[in-house]
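Protein chains: 2
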Amino acid sequence: MTTAISPTTLALEESPQDQTPLPSWNEGATKQSILNFVRGVTTPGDARLVKPEERIAVFDNDGTLWSEQPMAFQFAFGVDRLKAMAPQHPEWKDQQPYAAVLQGDMKTFAAGGMRAIIELVMTTHAGMTTDEFSSIVHDWLTSARHPRFDRPYTEVIFQPMLEVLAYLRANGFKTFIVSGGGVEFMRVWMEKVYGIPPEQVVGSSIVTKFEMVAGVPVLTRLPKVDFIDDHEGKPVGIDMHIGRRPIAAFGNSDGDLPMLQWAAIGPGSRFGLLVHHTDSVREYAYERSSLGSLDKALTEAEARGWTVVDMKQDWNRIYPFEGSK
Amino acid sequence: MTTAISPTTLALEESPQDQTPLPSWNEGATKQSILNFVRGVTTPGDARLVKPEERIAVFDNDGTLWSEQPMAFQFAFGVDRLKAMAPQHPEWKDQQPYAAVLQGDMKTFAAGGMRAIIELVMTTHAGMTTDEFSSIVHDWLTSARHPRFDRPYTEVIFQPMLEVLAYLRANGFKTFIVSGGGVEFMRVWMEKVYGIPPEQVVGSSIVTKFEMVAGVPVLTRLPKVDFIDDHEGKPVGIDMHIGRRPIAAFGNSDGDLPMLQWAAIGPGSRFGLLVHHTDSVREYAYERSSLGSLDKALTEAEARGWTVVDMKQDWNRIYPFEGSK
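Residue numbers (our numbering), protein chains in the order written: chain F, 1 to 325; chain G, 1 to 325.
Just so you know, not all the hints are guaranteed correct.
The list treats identical chains as one, so a pair stands whether inside a single copy or across any two.
Said to hold, decoys possible - Computed list of lysine-lysine pairs in DSS-like fashion (alpha-carbon distance at most 27 Å, straight line):
1. K174 - K51
2. K224 - K93
3. K192 - K174
4. K174 - K209
5. K209 - K296
6. K83 - K224
7. K224 - K209
8. K83 - K107
9. K93 - K51
10. K192 - K93
11. K31 - K192
12. K174 - K93
13. K312 - K296
Since the hints were derived computationally from the structure, they do not count as laboratory data.
Work out the full structure, taking the sequences as your base and the hints as a guide.
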């Protein structure tokens, strides 16, 4: 598969060489909390020193590393995919949740709840081989555009967080994604865009089946949920895939709270961070998105002393495609 | 947890510095097939060159990296654990499969089939936190001895395969375990013994549950099977955890065949290897163990040109604790 996903390698590679890390972060307590944590766990002789193999950091994706408005980007993929499949399915015109999606009637779709979502996901994400699915995702990423920014979705990512990923890795950390998103959807592009290889991406999954078909080994994606990597599923997913407790976690909603609890409450130096979407001009401002609210996580962050990013105040640049101030 | 697991780091570290790789392998076609494959995929300008990030190699464990006789070592752990728990369970004296195990009556136990095995596993592997389970495994590994060799089980490992692991890593490969064994059983010791970190261990699993207990985050192991990483489960586990198709696979039974098919049949340079247990004097000779037979895999290896190790002929040293010839 030829690859034309986004030129963000440049944005990623800017920071490690920089004399001052995290250039897109304004000076202040938020930026200092990251620098202090990393210096503590990496400075020989410091009581907070952590062995390199235990420097595990986990990142949520939607709303933490890329935007999630006006809808979760993987949901936009599902909608576009359904539209592409519709000509072969005339019956969808009178059948929910398909009719609602095809007419852009998101209220009716939302009324269908989790059942409608799962039906949309299964129809658009299952019934093909893993290789075929990767190609479909790749093709969508190279053609679809974010409605507001008119950019590929893989460019609607947070420059300050790319700098955190690079800064942690330059300090011996292994960075993992732990997201409610579909694991095979994310693996297609994350190595190129975030520098995170497929084996360090943890996500939700559907069941796959191995078969030899005419002498060719094939994995087929079945319309059955295997694992939901959200809320209490996140620490479970971390344990299943990483098998080691992270010492740093980055999220932006209540769905990330158990992951932050698992990583950031414990002996030794630990770090928790929440991205708070407070910038209605450059990005979006919200407390509650289609992907969940932030109430409980904000309350616990305050009680535990976790870092809360005020996007409007703390970031001098949101996206790689903006000039930095 | 203080660690006293096995001094095999030494054995692991011997090879990369060596002028001749794979010193415990006798000269011949078997050794040459490994050297040729690795040289091909790592030599710049060679048509077989594979990018470092795609150099993924997967290894079965039981019978491939350590012995599996007179019984699978994790099964020996289960038996010892049951004996340690028995004083608190007087009712087991009259209850199967417990009575059979406690009396060492493996015939009666075997008659119970998969159901008896699952009951033994759940009783001995579930009902505690993940941290507690790690401690139990660790304590067992530091005290239990292999009945024939009178060594810790973590020393009854194959020196030639340690050399392959080290040789592959020295050539830019990432090495993964893909085993039917319990993932949390294996992760306790594999980093120290094989140099494979927890996040590169794929195995069978039971369900875990996340909870905050009096402000402390805890993962509890429940008596419910989550995933069986054997036979057709192996390529599925590879896809779930690694998300990339390996280019080399090492196994020793029909349970490894789908993994070998997934890794070793495909475009580009690929490698499959089966360990055939042919040495009744230094190790064991068998075609069919409690963990399965080898018939289908041997037949397919011949048809596909995969490498078959004749342990007696090809290895001049089996275990790290033997002197090399």
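Hint by hint, here is what the structure shows:
no., hint, verdict
1, K174 - K51, "both (12 Å within a copy, 20 Å between copies)"
2, K224 - K93, "within (24 Å within a copy, 42 Å between copies)"
3, K192 - K174, "both (16 Å within a copy, 19 Å between copies)"
4, K174 - K209, "between (30 Å within a copy, 25 Å between copies)"
5, K209 - K296, "between (38 Å within a copy, 20 Å between copies)"
6, K83 - K224, "within (22 Å within a copy, 40 Å between copies)"
7, K224 - K209, "both (11 Å within a copy, 21 Å between copies)"
8, K83 - K107, "within (18 Å within a copy, 60 Å between copies)"
9, K93 - K51, "neither (58 Å within a copy, 47 Å between copies)"
10, K192 - K93, "neither (38 Å within a copy, 59 Å between copies)"
11, K31 - K192, "within (26 Å within a copy, 36 Å between copies)"
12, K174 - K93, "neither (47 Å within a copy, 49 Å between copies)"
13, K312 - K296, "within (21 Å within a copy, 62 Å between copies)"
Going down the numbered hints, you'll see the structure goes against 9, 10 and 12, while the others check out.
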